Each structure stands twice: as structure tokens, then as C-alpha cells.
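Q: In the order they appear, the protein sequences are chains A and B.
Numbered by numbering that gives the first Met the number 0, the letters in the first sequence go through residues 0 to 792 in order.
Numbered by numbering that gives the first Met the number 0, the letters in the second sequence go through residues 0 to 792 in order.
It is worth saying that the hints were derived from the structure and are not from the lab.
All values reported here derive from a predicted model rather than from experimental measurement.
Any given hint could be a false lead.
One copy or two, either will do: identical chains are not told apart, so a pair holds if it fits within one copy or between any two.
Claimed, not checked - Calculated lysine-lysine pairs in the DSSO-like style (CA-CA distance at most 30 Å, straight line):
| id | residue 1 | residue 2 |
| --- | --- | --- |
| 1 | K588 | K76 |
| 2 | K588 | K403 |
| 3 | K588 | K612 |
| 4 | K403 | K477 |
| 5 | K588 | K477 |
There are 2 protein chains.
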Amino acid sequence: MSGAQFDADPWTVGVRGLNIEHLAQEESVFGLSNGHIGWRGNLDEGDPRGVAGSYLNGVFEEHPMPYAEEGYGYPEKGQAVINVANGQIMRLLVDDEAFDVGHGEMNEHTRTLDLRDGALTRSVRWTSPAGRSVHIESSRIVSFSHRSVAAIRYRVHAIDEPVTITLLSEILANEPLPITHDDPRVQELLAAPWTSVDAAVLGTMATVSHRTKASGILAAVSMDHIVAASGTGEPQIRTEAGDDLARTTITVTLERGEHLEVVKMVGHEWSDTLGASTLRDRAETAVADALRVGWVRLLGMQRERLAEYWACADVQLEGALRLQQAVRFALFQVFQASVRAERRSVPGKGLTGAGYEGHTFWDFEAFVLPVLTATSPDAAKEALRWRHSTLEHARERARQLHLKGAAFAWRTIDGRESSGYWPASTAAFHVNSAVAGAVIHYVRMTGDEPFEREAGVEILVETARLWTSLGRWDELGKFHIDGVTGPDEYSAIADDNLYTNVMAGMNLRGAAAAARRHADIASSLGVTDAETTAWDDAAAAMTVPYNQRRGVHSQSVGYTDHARWDFEHTGSEDYPLQDHFPYFDLYRKQVVKQADLVLALYFAPDMFSLPEKAAAFRYYEAITVRDSSLSSTPQAVIAAEVGHLGLASDYLAESAMIDLDDLHDNTEQGLHIAALAGVWTALTAGFGGLRDSEEGLRFRPRLPPQVPSMSFGLQVRGQTLRLTITPARTTYLLRGERPLTVRHFDEELSLEPGRPVVVDTPPSADPGPPPQQPVGRTPRRFEDVLAIVEEGG
Amino acid sequence: MSGAQFDADPWTVGVRGLNIEHLAQEESVFGLSNGHIGWRGNLDEGDPRGVAGSYLNGVFEEHPMPYAEEGYGYPEKGQAVINVANGQIMRLLVDDEAFDVGHGEMNEHTRTLDLRDGALTRSVRWTSPAGRSVHIESSRIVSFSHRSVAAIRYRVHAIDEPVTITLLSEILANEPLPITHDDPRVQELLAAPWTSVDAAVLGTMATVSHRTKASGILAAVSMDHIVAASGTGEPQIRTEAGDDLARTTITVTLERGEHLEVVKMVGHEWSDTLGASTLRDRAETAVADALRVGWVRLLGMQRERLAEYWACADVQLEGALRLQQAVRFALFQVFQASVRAERRSVPGKGLTGAGYEGHTFWDFEAFVLPVLTATSPDAAKEALRWRHSTLEHARERARQLHLKGAAFAWRTIDGRESSGYWPASTAAFHVNSAVAGAVIHYVRMTGDEPFEREAGVEILVETARLWTSLGRWDELGKFHIDGVTGPDEYSAIADDNLYTNVMAGMNLRGAAAAARRHADIASSLGVTDAETTAWDDAAAAMTVPYNQRRGVHSQSVGYTDHARWDFEHTGSEDYPLQDHFPYFDLYRKQVVKQADLVLALYFAPDMFSLPEKAAAFRYYEAITVRDSSLSSTPQAVIAAEVGHLGLASDYLAESAMIDLDDLHDNTEQGLHIAALAGVWTALTAGFGGLRDSEEGLRFRPRLPPQVPSMSFGLQVRGQTLRLTITPARTTYLLRGERPLTVRHFDEELSLEPGRPVVVDTPPSADPGPPPQQPVGRTPRRFEDVLAIVEEGG
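Produce the complete structure using the sequences and hints provided.
A: As C-alpha cells, then:
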């Protein structure tokens with residue numbers, strides 16, 4: 000644990016004071032996004048900074064992929080998110096002295112992210128070296144209602160003597176990214192990826208347009224301002240634009256008590272097909288529209304959109320203020336990462352940092368999409384449509400690999416494979432079942448038949464084709480998938496990875512069912528009855544490795560026979576193991592980076608009995624080191640299911656604090672969106688016992704002692720279901736127009752809209768002693784992390 | 000098959016005419032070396048050329064290793080052989096016209112490599128565009144007696160009219176290598192790796208000295224000449240030297256019938272520790288010494304050294320002139336690659352080309368060293384001492400991998416690991432058993448106790464320690480080695496690779512025995528009785544995978560259960576498979592690039608019964624595609640052992656013609672030294688049935704119908720044993736001073752020096768129908784390749 004100390008509050012995340020060492024982490028935590036634009040929480044004045052970050056979803060530069068030894072099918076080009084022209088900058092001069100947090104005297108510095116406003120506010124009281132005091136209040140939003148718009152309201156108050164205020168409001172292009180590549184070719188390409196195409200001033204509006212050198216992407220960023228001074232001084236405004244900089248200079252003299260208010264509207268557009276003048280027009284129109292709407296209404300719309308979200312998505316928790324805050328922070332991040340992504344990918348870091356080069360991975364579909372489906376289904380649909388839009392790349396990749404159907408990219412921005420290490424990417428075909436699983440889940444939860452017909456069936460069919468071409472039948476009539484890599488990145492290229500096989504089976508069955516539901520579409524894709532039968536047959540014959548001798552399921556064939564990692568001689572400084580041991584050694588031993596088989600226990604709840612789950616959980620707990628942020632969520636869910644509620648709450652705490660406590664010491668590269676999404680999953684699937692299947696929703700709510708009560712909502716086919724859980728009973732309340740049947744433990748509940756149903760929690764069985772983790776890898780206890788008594792919350 | 004057509008002759012390899020398309024192949028075939036210096040067979044005048052090549056063993060440049068995704072333990076620096084200053088060049092002007100094979104009229108152009116002289120000669124009759132005719136005779140050697148010296152005797156005859164001859168004899172530095180790296184950093188580094196340190200003329204002697212930019216290696220190349228004209232004209236000689244060029248200009252006017260003779264002596268020295276003036280002195284001294292000896296004596300010493308070699312090493316074959324030629328060519332290459340390497344590595348290509356960046360691999364110890372041990376044991380010892388000299392690097396690598404003992408480099412020039420793809424390098428730990436096996440074999444065959452004590456025991460101990468730290472005991476008392484890669488490069492990271500396990504067992508037993516023989520040395524290495532017992536125990540308990548259901552040994556656990564490669568739908572254009580299919584797919588299916596399990600049948604002859612060998616050979620034949628030149632030799636050996644002599648001869652022909660027929664279409668990058676060494680192995684271990692073990696040498700000689708008789712010799716503990724084999728009987732003749740016991744089939748023969756023993760060949764059993772190879776991968780028939788009737792040979 001390291002990083003900034005955030006104030007405990009149920010609806011805000013704030014920091015008092017300024018610690019330069021925590022700046023980069025805070026920039027990620029305070030990053031604003033609408034899924035289209037991402038602004039890291041850089042200080043308004045641009046410096047000091049941890050990592051400058053202004054991103055547009057889908058804007059990347061292409062770079063060569065270097066290999067020490069070449070191989071067939073290795074991707075030749077990589078993709079890396081790049082900074083777009085940065086409209087965050089508001090440089091302040093007080094008389095002739097530049098406001099700088101490192102000089103003069105700082106009497107107050109607070110920053111607060113308001114999770115209901117969707118705004119980051121900052122309040123600074125500063126006295127310049129010459130003794131001039133000002134109070135700066137800035138607020139910024141990345142608009143949910145106006146997709147291309149980010150806005151800043153910047154106020155400077157003269158506290159004592161009269162001062163001359165000069166504000167430089169800028170758009171700055173070609174800000175470098177942190178260096179993450181060894182290859183100097185790539186470094187050079189990413190150091191200044193943009194070439195200026197146009198720099199224009201029209202009235203007070205300024206626009207800079209740039210094109211990337213390799214990927215051929217064009218971006219235009221515009222700005223204009225509303226300037227008001229409270230006193231008699233008339234602000235002087237001048238706007239200029241050059242290749243990599245547009246600047247509006249605002250000067251005014253304030254008497255004591257007077258203030259200057261500047262509202263800056265920044266418009267962002269990009270395209271890989273449109274021309275520069277079109278993009279400029281669009282960016283400027285977005286700014287003009289925002290100017291017309293104005294700051295107050297823009298902020299109001301932000302609040303309205305969030306209120307709509309929170310109405311269903313909010314999870315209320317009693318008795319754990321830090322957890323309450325962290326859960327809302329997590330849900331806010333999932334929301335803002337995706338709300339206006341609109342057929343673009345949602346990267347592993349959202350748009351809060353350049354970590355993983357801005358790539359999207361399987362965990363978006365596996366971890367984030369179910370949360371979006373339950374809380375923000377339109378965003379879920381758009382994200383799935385993005386994957387669907389990459390099908391042609393995926394088919395091409397499958398052809399290149401001599402496989403049928405489609406092989407979705409392991410890591411990508413635009414859908415093309417950008418992985419440089421095939422054992423942990425190309426071989427990890429389970430990304431395809433994650434996409435298919437998200438489709439099946441989305442359709443089941445929303446009943447969105449138009450989506451299923453337009454995109455869902457095709458995804459399911461093409462992924463099913465991949466699996467049948469990837470697997471093989473043996474002489475005994477079993478179906479196998481050899482030589483693949485499952486979620487656990489400390490194993491690779493194994494036969495019959497249980498997770499992969501189970502998920503492939505789900506994929507195949509789902510495809511067959513969808514093809515039967517929509518025979519016309521399936522037929523247009525060339526699907527025959529023989530093909531759907533073959534899918535069902537393969538799913539039915541799928542190998543699920545089990546070690547009879549040990550009485551436990553095996554992560555892959557032979558896995559449980561391998562040497563166990565020597566945890567006893569592995570010190571805390573040796574983690575994460577991948578930084579200190581070769582893949583060679585990790586792959587051949589029993590050591591799990593992140594839940595793999597345990598994730599299958601969650602995603603395929605009906606394939607394993609409770610004793611099987613308990614045995615598997617106990618076995619894999621002992622060898623799972625959680626070097627990945629994706630691990631604690633499934634561990635929390637299954638810990639809860641098999642009765643270890645205290646352990647489940649410890650894992651919940653780990654997911655919840657991953658970025659607020661900077662647990663992986665890399666929050667500066669961006670937030671861990673999938674782990675944050677997992678907080679909702681740990682609560683709902685863990686303590687709520689939520690599972691969905693073709694038969695509908697099931698709940699087995701049981702709270703740990705640390706959480707006296709919990710309430711959460713989810714959207715089901717356009718209606719909202721809210722559960723309020725206490726140790727003894729659960730209240731189900733349906734909002735909508737149609738009844739809904741769910742299961743509460745083994746009881747079927749018929750819910751009528753508006754009528755709460757209260758049911759008791761049955762007694763629980765003894766789960767036995769808690770399972771052991773590897774030496775030194777036991778999670779921090781919930782109580783030590785989160786259980787702060789209410790502080791007037 | 001493609002490439003040049005060489006004249007059939009028992010003792011020379013010659014080409015008439017000049018085909019520019021075959022030039023690069025011919026440069027490799029006509030390359031001269033003594034293991035220290037390598038001169039490709041570039042034309043004297045430098046142009047045209049396929050690939051310019053002048054190498055010094057051990058001289059390389061270091062370059063960054065690029066990775067798309069980094070990993071722990073990945074080597075950061077690569078090594079690449081580079082051209083040293085090239086002393087081959089003799090540019091000729093006839094009057095004012097430069098001799099150029101592409102201009103004027105070529106009336107004769109022949110080049111001949113004489114395998115008894117160790118010299119490459121060239122004869123050219125050329126008429127200039129202006130009508131002046133000359134006859135050029137050049138001969139060159141890389142001296143076996145004078146390690147630093149290469150020499151050229153260049154004669155120009157005026158055929159008709161008087162001509163003025165100008166000869167520019169040069170040393171030229173920084174000649175570029177072919178581009179083999181994608182990375183422009185590496186390209187730039189290797190394009191001109193040398194910085195001039197000194198360029199000096201002293202009398203008629205010229206020396207250029209250079210230093211590499213990254214590896215810090217210093218090299219000095221000197222030349223001087225003996226000039227004689229047969230007529231009255233007095234040659235004018237001028238010598239100059241600059242940064243990258245030293246030039247001696249010799250001018251003389253020849254009357255009809257007169258000639259100019261220039262003998263050029265070139266001295267080569269390098270070091271990574273000595274200073275420039277020391278190196279220059281040494282190079283110039285070498286030249287001065289060669290001048291004193293003179294061309295004729297130098298050539299005589301060359302011939303003497305070869306006569307000594309051929310006395311034992313020659314294999315005489317009747318009835319197959321092409322095979323006779325190819326076998327001697329192969330043996331010549333093995334000899335010249337290693338004879339003066341003297342504690343430097345012998346690269347996969349020898350010093351005949353820059354292929355594989357000049358790296359040495361496991362196949363040197365596994366394929367070449369046994370041949371050297373039998374035919375040139377001093378060179379074998381020196382090569383093993385080179386490996387021994389890299390032990391500190393190997394220990395460091397083992398430490399980095401958290402293993403005990405030593406992990407020798409998979410590919411290297413100076414002993415440091417230079418592999419960029421760990422599944423096919425780091426995981427291929429069998430390189431260590433190849434080194435250990437070569438030590439065991441060398442000591443057994445030579446009885447060289449000083450070597451064993453000074454180097455052998457330490458190698459065996461450190462590799463044994465590697466294996467015990469790499470493997471694991473299971474609960475049933477078996478020893479396993481998980482997650483490693485065997486010789487077959489179409490499989491990787493498998494559990495209990497049979498070859499690796501069998502060879503590790505041999506390594507462990509050999510280490511234990513050597514430690515007991517030399518208890519004082521073992522003790523100084525910290526070896527205890529408990530440790531040697533542990534080695535023997537692990538060897539005894541080693542897992543040898545066998546598929547009961549199929550009745551055949553398995554290449555690794557589960558291998559024979561995997562999907563079989565779809566050979567039926569793989570076209571001839573799809574080979575080599577690695578260029579058209581991803582590793583992912585190759586690794587998970589039954590398809591063998593190169594003999595793996597079959598190599599174990601050869602190297603561990605007593606671990607498998609004849610029926611087991613026959614079953615395994617038949618099984619693996621059907622899935623072995625021979626995309627590696629290392630495959631046909633072990634296939635020939637085991638084919639012969641299990642009775643398929645015709646097939647064995649086909650595989651022999653493939654190995655024998657690999658470079659003369661350019662079968663892999665890459666001879667231009669250098670010769671396949673291990674495959675060429677395998678020709679001797681296919682003959683002696685295949686048709687001769689030679690095996691060695693602790694009990695001594697065994698033979699089971701059986702000739703295929705294509706080879707009416709064969710005679711070969713080998714050195715055993717300082718004596719020479721020669722076998723002369725006909726279909727019906729074999730004559731054993733020992734030369735030396737002590738008796739020797741060998742086995743002939745099941746009969747023990749006591750051989751006395753100088754007394755031939757003639758024994759009959761027992762009748763053979765029916766081996767059944769010949770095994771089938773994958774569609775399209777049946778080897779060419781011996782008769783179609785080699786069985787040319789004697790052409791006056």
C-alpha cells in the first residue's frame with residue numbers, strides 16, 4: 000500500500016494538500032472521461048505533472064513491433080494510445096509572477112472528485128513570492144451530454160491587494176508520453192506523433208488540427224471562452240494559434256474581493272477518413288454549442304445523467320464508509336469509461352492513463368461488460384457493437400492462423416492484433432469466449448433482440464467456428480483443446496485448460512441456441528443443422544480435467560501433477576514473480592497469477608457441485624499469488640459461495656482499494672477498470688450470490704459481519720430490481736411494469752412491480768477452516784483496510 | 000534441389016564456367032578455413048559477389064536484442080559475426096581495362112577445391128574488350144600450419160600481345176554483411192562495425208587495425224607480397240594504407256608468354272584484451288614468417304596436414320563416385336571448420352558464412368564432436384575446452400534462472416546466451432546434455448585423463464547439478480523434467496521430453512561416475528557422496544514416456560495423444576512449415592521438424608529393444624517432415640539399425656548433398672556443418688552399426704545394395720581402427736601398439752595391431768515393409784541423387 004490519502008466521504012473523493020510524489024496517482028484517480036475524451040487530472044497550469052494525458056478513444060499511433068527472432072503470424076505493427084492536443088491548460092500569472100505550486104506560499108490546496116456531479120473541483124489559496132494573494136477555484140468536466148466537449152470553469156479571486164491577473168488558456172499538442180518501449184524507433188515515433196495540418200483563429204475561437212505520421216489519424220481540438228470579471232476592470236482577450244499551440248490570453252486587473260471567471264469549452268474530433276476542414280467544423284460547432292448551453296447547464300446535465308445512473312447502479316452499504324466511497328468510485332469509473340465510448344473499445348485503463356498502450360483486453364468483456372449490462376446496458380451494447388465491428392480483422396486473423404471463424408485480438412485499439420508475445424496472447428483464445436459470453440449475458444439480461452440479430456448471432460457463430468476448428472475429437476469421443484493459454488498468465492500452452500474448455504462449451508451451446516432462434520440469420524451466415532449439431536456435440540463432449548487422486552479439478556491436463564512453486568523460499572521482494580523469474584519456470588510449476596479455474600467456477604456455476612467448488616477453491620487458494628488485479632474478484636465471489644465470507648470481504652477490500660491505495664504501485668499508468676468493475680461483482684455475485692442462467696436470476700444473499708446491510712440494483716429487461724440485504728433477510732423490490740421470477744436460495748420468488756418481497760436467509764453450513772494462501776500472499780484484512788467508523792457520513 | 004553442378008571427382012570439387020546465380024552458394028562450398036580464419040570463396044577481384052565473407056573465429060559485434068514484450072531473463076545483447084578486413088582482394092587491370100567476369104570474353108573459368116591440397120584454385124582465360132588475352136591462375140589457402148595466415152598465389156600470363164598488367168592487392172575493411180535484422184539499430188551497427196585504429200606501411204608491409212564499436216574487439220590484418228615476373232620487365236610496387244583500405248599496387252609490362260607471379264601473405268590477429276601495437280606486431284610477424292616459408296612450402300605443409308588427417312579419417316566407397324566425393328567434401332569441411340579453432344567455438348556454419356549470425360548451437364557437440372573425436376581428437380579436445388571456458392557464463396545464466404550448476408548458452412559466440420525466443424532456446428536445456436555427452440564420449444574414446452581432470456569433471460558436475468535442480472520427484476518415486484523443449488523445434492515446453500530425459504540420465508550417470516573416478520576434483524567442486532547418489536537415483540528413476548495404447552514411446556507426456564498434423568492438406572509449398580504456420584499450431588500437434596525421439600534411440604542404444612526402436616522409428620517416420628538439416632542423419636542411423644537399408648541410404652544421400660545440391664536453398668549463408676558431419680555418422684553408425692558404450696565399441700556392419708564396399712577408420716585411444724566392409728564380411732584392422740577388443744554383432748573380437756580380422760555378416764531379419772513418411776516428404780532416392788557410374792574416378 001502506498002499513494003495518496005483520500006478523505007473518507009460517501010460521495011466524493013478528495014485530497015487536501017499537494018504531495019508531488021502522489022501526483023501521478025492522483026492524476027489517474029482524478030481523471031475525467033466520457034468514454035470518448037479522457038483528461039487525466041493534470042493540474043490546470045500543466046506543471047508540475049506526473050504524466051500529461053489527454054486522450055481520444057480510438058486515436059493511436061502505429062509502430063513497428065520488434066522481435067529478436069521472427070515467427071510466422073507475429074503482428075508486424077503495434078498500436079499505442081497517444082496524447083491529443085491538450086486543452087486542459089490554464090496558466091495563471093499574478094502580476095508578473097507565474098502561479099506555481101512549488102513557489103510562493105500555499106495556504107490551501109484541495110482537489111475533489113464529486114461522484115454525483117461528475118466534476119473535479121480544485122480550490123487553491125496562494126500568495127505569490129511578491130506577497131499577492133489569490134483564491135483559485137477551478138472545476139472541470141468531461142461532458143456526458145456533449146460527447147466532444149470538455150469544459151473548465153476557472154475563477155481567480157483577489158484576496159487582499161489589487162492584482163493584475165493574466166490567464167493563458169491553451170491547447171498544446173505533441174506532449175510526450177512516458178517512455179515504455181526499449182526500441183528507439185518506437186520512442187521516436189511516440190515522442191511527437193503529430194504533424195500540424197492547420198492552426199486557425201476565427202474570432203475568439205482557436206483550433207489546431209494534426210495528423211499522425213503512421214496511423215493516418217486526423218484530430219482537431221478547438222476552444223473558446225466565456226469571460227467575466229466581477230469588478231470594473233475590462234478583461235483584455237487575445238487569441239493566437241500556431242502549429243502545436245493555440246493560446247487565448249486574458250488579462251484583467253482585479254481590486255480586492257473581485258474575481259475573474261473564465262469558462263473554457265474544448266471541442267474534440269478525430270477521424271481516419273474525414274478531411275481536416277470537416278473535422279475543424281465539427282470541433283468548432285461542438286464548442287459553439289457548449290458556449291450556447293453554458294457552464295451551469297452543462298454541469299446540470301452532467302448531474303442529471305449521473306442521477307439516472309445512480310438510481311439503479313448505486314450500492315448502499317452500512318457501517319463501512321471507506322467501502323461505500325470506494326464502491327461508488329469504482330462504479331463511477333466503470334460508467335465514465337464507457338458511457339459515450341459508442342462503438343469504440345474500452346481500454347484496460349479506460350481513458351485515465353496510457354498503461355498497456357491504451358489497449359483493450361479480454362477482461363473488458365469478462366469483467367466489465369456484465370457490470371455495464373446490469374447498470375448501463377446501452378453502454379454495454381455499444382461496446383459489444385465495437386467488438387462486432389472488428390469481426391473482419393478477427394476473421395483475417397483466424398485465416399492467418401489457419402483456423403475457421405474469427406479470432407478476436409488479444410490486445411488492440413482498433414481490432415487488429417497488437418500482441419508481441421504469442422504464448423500469452425495468440426494462444427489465449429479464451430478472449431473469444433469472453434466476447435461470446437458477454438453477448439449471451441447481455442441478450443439474456445436485456446432481451447435486446449435487435450442487437451442479437453444484427454450483431455450477436457454473427458459473433459456467436461464465428462467464435463463457435465473457431466472453437467470447433469481449434470479443438471479435436473479423440474478416439475474415445477471426448478473433445479479436447481490443446482496447446483492454449485487460459486487466464487492465468489503464470490501458465491501457458493497447456494492442453495485442455497479447464498477454463499477455456501468450459502467457456503468454449505458455453506460459447507458453442509450459446510451459438511447453437513442463437514442460430515436456432517434466428518434461423519434466417521444463421522442461414523445467411525452459412526450455418527447448417529449439421530454445424531449447430533456439431534457445436535452442441537463438441538460442447539457436450541468437452542473435456543473437463545479432474546485429478547481423481549487429488550480429488551480436485553485440474554487447471555489443465557497434468558497441471559496438478561506439476562511441481563508446486565517453492566513459496567516457502569520466495570520472499571515478498573520476489574513479487575510480482577514475473578519480474579523475478581523466467582516464464583519457463585513459472586509455466587511448469589503450480590503457481591497461479593490470477594484466478595483461472597476459480598473464474599470458471601463463477602462463470603459456469605452449474606457445472607460444478609458445491610463440494611467440488613469448495614475443494615477446488617481450497618486447492619487453488621494455496622497456489623494463487625494474485626500478481627494480477629483480475630484475481631481478487633473471482634476469489635471473492637467463490638469464497639463467498641463456499642462460505643468463507645470473511646475472506647470474501649478481504650478480497651472485496653483488495654479490489655475496492657486497488658487504485659485508491661495504489662496496491663499495484665502502477666495507478667499512475669491509469670486505473671484498473673476491470674478490477675474496479677469487479678467490486679460490484681464481488682458485492683452482488685459474492686455477497687448477493689447473484690448468478691444468471693437461461694432459467695433466470697438466482698440469489699443467495701449472505702453478508703459478512705463487516706457489512707451490516709447492503710442494497711444494490713440491477714437492470715433486467717428494462718426494469719430495475721433492487722435487493723436490500725441484511726444478515727437475516729432480503730427485500731426484493733421490482734420497479735417496472737411486468738412481473739419477474741427469481742430464485743432466492745432454493746425458493747422461487749414471483750416479484751410484482753412496486754411490491755417488496757421480504758424473505759429470510761436460510762441457515763448456512765459450516766464451510767470448514769478458511770483456506771490458506773501462499774506464504775505472504777494472504778490478503779489484508781477488510782477491517783484493516785476499510786472499516787473506518789462513520790465520520791459524519 | 001537447385002544450385003551449382005559440381006564435377007564428379009573423388010578428391011576435388013570443381014565447377015566449370017561461372018553462373019552468377021550460383022555464386023553465393025559456390026562461395027560457401029569453396030570457402031577455406033582453418034577454424035581460426037574463414038575466407039568465403041569470393042572471386043579474387045571482389046566483384047561480382049554473392050556475400051563477401053572474411054571471418055575470424057570469435058570476432059563479433061554486440062547488438063541490442065529487441066522484444067515486442069519484455070520478460071525476465073531475456074538476453075539484452077545479441078552477438079553477430081562480422082567481416083574482418085578482407086585480404087582476399089586482387090584486382091587486375093589489363094592495360095587500362097579492369098578484369099571483370101561480366102565484360103570482355105571469358106574463354107575458360109574453372110574453380111576447384113582440392114580436398115588433399117586444402118587449396119582453392121582458379122583458372123581463367125580472358126580477353127579484354129580491347130582484345131588483350133590473359134590467363135589467370137590463382138590459388139589460395141587458409142593455412143593449417145600457420146594459424147594466422149591466409150595466402151594467395153596469383154599468376155597472370157600474357158597469351159598473345161604484350162600487355163601492361165596492374166594488380167591491386169588489397170585489404171578492405173567494413174564490408175557489409177547481408178541484412179538479416181529488421182531492427183534498424185542492429186542494421187546500422189552491423190553495416191560498418193569497425194572503427195579504424197591504425198593504418199601503417201612499413202617497407203612493403205601494410206597493416207590495418209580496427210576496433211568494434213560495441214563489443215570492443217580489436218583486429219589487425221597485415222599483408223606483404225613476393226613478386227616475380229618471368230620476363231625482363233621490372234615490376235613497380237607501391238604500398239599505401241588508409242582507414243579502411245591498404246593497397247599494394249604492382250605494375251609490370253609482360254611480353255607474349257611472360258607471366259607475373261604475386262604471392263600474397265595475409266596475417267590476422269584479434270583480441271579483446273591486447274593493445275593495437277601488440278596485435279599489429281603479431282600480424283606482421285605472422286606475415287614475415289609466411290614470407291620466409293614461402294608459398295610452396297606453405298602449400299606442402301597444408302598437404303601434409305591433410306594427408307595425416309585422411310590417413311585415418313578417409314572413407315572409401317565403391318561404386319558411387321558422387322557419394323565418395325560428397326563424403327570427402329563433408330569430412331574436409333568438418334576438419335577445416337575446427338582444426339585450428341583452439342578454444343573458440345565452431346559455429347553452425349563453420350566460418351563459411353554469416354548464417355545464424357555465426358552462432359554455435361548444441362548440434363556442434365551432438366553431431367560434430369563425435370566425428371572429430373574419431374577423426375581429429377585434438378580438435379575435439381580444443382572445442383570442448385572452449386565450452387569449458389564458458390562455464391562462468393553458464394553458471395551465471397543458471398543463477399539468473401534460479402537453477403543450480405551451469406546452463407550453457409543455446410546460441411552464442413563467446414558463451415553468453417544470445418537467444419531471442421525462449422521456448423526454443425532457454426527451455427531447450429538438452430544443450431547441456433549434448434556438451435556432457437560429448438565429454439563422456441571424448442574421454443571414453445581417447446582416454447584423455449588430463450582433459451577429464453582439468454575440464455571434463457567440472458562440466459559433468461555442473462550440468463548434473465542443473466538437471467537435479469531442473470527436475471522433480473513425484474509421489475511414486477519417478478523423476479520428471481517438466482516444461483522443456485527437445486531437439487524437435489515443432490514442439491516446445493513439454494513435460495518429460497523423452498530425448499531430454501534420456502540424455503539427462505546419461506549426463507547424471509556420467510557425472511556420478513566421473514566424480515567417483517576423480518574424487519579429489521569432485522571434492523574440490525563440493526561434490527559429496529550424497530550428491531552423486533542423488534544423481535544416480537535421479538537417472539535410475541527418470542521418466543521415459545511410453546504410450547501403452549499405441550505401443551510406442553512418446554516424444555513427451557501426452558504427445559502421441561495430440562492431433563496429428565493434417566499432412567494430407569499440406570502442400571509442398573507449405574514447407575518449411577515454420578514459415579507458413581504459427582508455432583502455436585505446430586507445437587500442439589504431432590508433427591516433427593527433426594528427429595527427436597529417434598535421436599534418443601541412437602544416443603541411448605541400450606535403453607530400447609530392437610522391436611521398440613522399430614516401432615518408434617515407424618511411428619515417428621510418419622510425422623517427421625525434415626524441415627531441419629539435422630534430421631536425416633539420425634533417421635539414416637536408425638533406419639539402418641532396424642533394417643531399412645535402402646531408406647538409410649536415401650537419408651545418407653540427403654545429408655551428403657545438403658550443400659552441394661543446396662537442398663535447403665540457403666547454402667549461400669554457409670555450409671551445414673553438423674549435417675555434413677552426419678554423413679560420417681550415417682555411414683559408420685548407420686551402415687557400420689558403430690555404437691560406443693562403457694563396454695567398448697560395437698559394430699553391426701550391413702551395407703545397402705547401393706554401396707558394394709566401404710572402408711572407414713577411427714581413432715581409439717591413440718590407435719587407428721579401420722573397417723573394410725562388404726556385404727558378406729568385414730575386415731577389422733588395428734594400427735597401433737596395444738590390442739583392442741570390439742564387438743562384431745554378438746561376437747567379441749580381440750584385435751591385435753597389424754593383424755586383420757575378417758568376420759562374416761550374419762543373416763538379417765525381415766524388417767517388414769518400409770515405413771512411410773508424410774505425404775510429399777519421402778526423401779529422394781539414393782539412386783536418383785548419387786549413383787553416378789564411375790567416370791574414370
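Q: Taking the hints in turn, state whether each one holds.
A: Each hint, compared with the structure:
{"no.": "1", "hint": "K588 / K76", "in the structure": "between (33 Å within a copy, 28 Å between copies)"}
{"no.": "2", "hint": "K588 / K403", "in the structure": "between (32 Å within a copy, 17 Å between copies)"}
{"no.": "3", "hint": "K588 / K612", "in the structure": "within (22 Å within a copy, 32 Å between copies)"}
{"no.": "4", "hint": "K403 / K477", "in the structure": "within (20 Å within a copy, 41 Å between copies)"}
{"no.": "5", "hint": "K588 / K477", "in the structure": "both (26 Å within a copy, 17 Å between copies)"}
This entry satisfies every hint, going by the numbered hints stated previously.
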